[in-house]
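Please model the entire structure based on the sequences and the hints provided.
Numbering-wise (the numbering used here), the sequence shown opens with residue 811 and increments by one.
Treat the hints with care, as some may be off.
To be verified - DEER-style ranges, computed between Cβ atoms:
no.: 1; residue 1: Asp820; residue 2: Leu857; range: 46 to 52 Å
no.: 2; residue 1: Arg881; residue 2: Gly861; range: 25 to 31 Å
no.: 3; residue 1: Ser878; residue 2: Phe824; range: 20 to 26 Å
no.: 4; residue 1: Asn882; residue 2: Leu818; range: 26 to 32 Å
no.: 5; residue 1: Pro815; residue 2: Asn855; range: 48 to 54 Å
no.: 6; residue 1: Arg858; residue 2: Leu838; range: 25 to 31 Å
no.: 7; residue 1: Ile862; residue 2: Arg823; range: 20 to 26 Å
no.: 8; residue 1: Gln860; residue 2: Pro815; range: 45 to 51 Å
Since the hints were made in silico from the structure, they are not lab data. C-beta: ideal position from N, C-alpha, C; glycine also.
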Amino acid sequence: MIGGPLSLIDHDRFYDDLLKPSLIALWLSQIIVVAVFPLFLRARNTLRPQGILLALGGTALMVFGLYSTIRNQVAT
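Okay, structure coming up:
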């Protein structure tokens, strides 16, 4: 609610300050969704090795995105 008017003062700094936390929240939420996918398949009795491999691959990709966001300088 207060973020909108504050962003008008210095929108470049506002963007730079909030980009990294937003990306971290994005990657964490995606990791949760992808990592629990095998549990969803198990609940529906359709768990197969392909589902587990897809979840592992997706989780690895999301962890790499999170690592890249934390490790690298973003928005410079």
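Here is how each hint holds up against the structure:
1. In this structure the hint that Asp820 and Leu857 lie 46 to 52 Å apart at CB holds, the actual value being about 50 Å.
2. Our hint of 25 to 31 Å for Arg881 and Gly861 holds, since their Cβ atoms are close to 30 Å apart.
3. The hinted window of 20 to 26 Å between Ser878 and Phe824 holds, with their beta carbons roughly 23 Å apart.
4. A hinted range of 26 to 32 Å for the beta carbons of Asn882 and Leu818 is consistent with their spacing of about 29 Å.
5. Range check, Pro815 to Asn855: about 52 Å between beta-carbon atoms, so the 48 to 54 Å window is met.
6. Our hint of 25 to 31 Å for Arg858 and Leu838 holds, since their Cβ atoms are close to 27 Å apart.
7. The hint said 20 to 26 Å for the Cβ distance between Ile862 and Arg823, and at roughly 44 Å that hint is violated.
8. A hinted range of 45 to 51 Å holds for the C-beta pair Gln860 and Pro815, which are about 50 Å apart.
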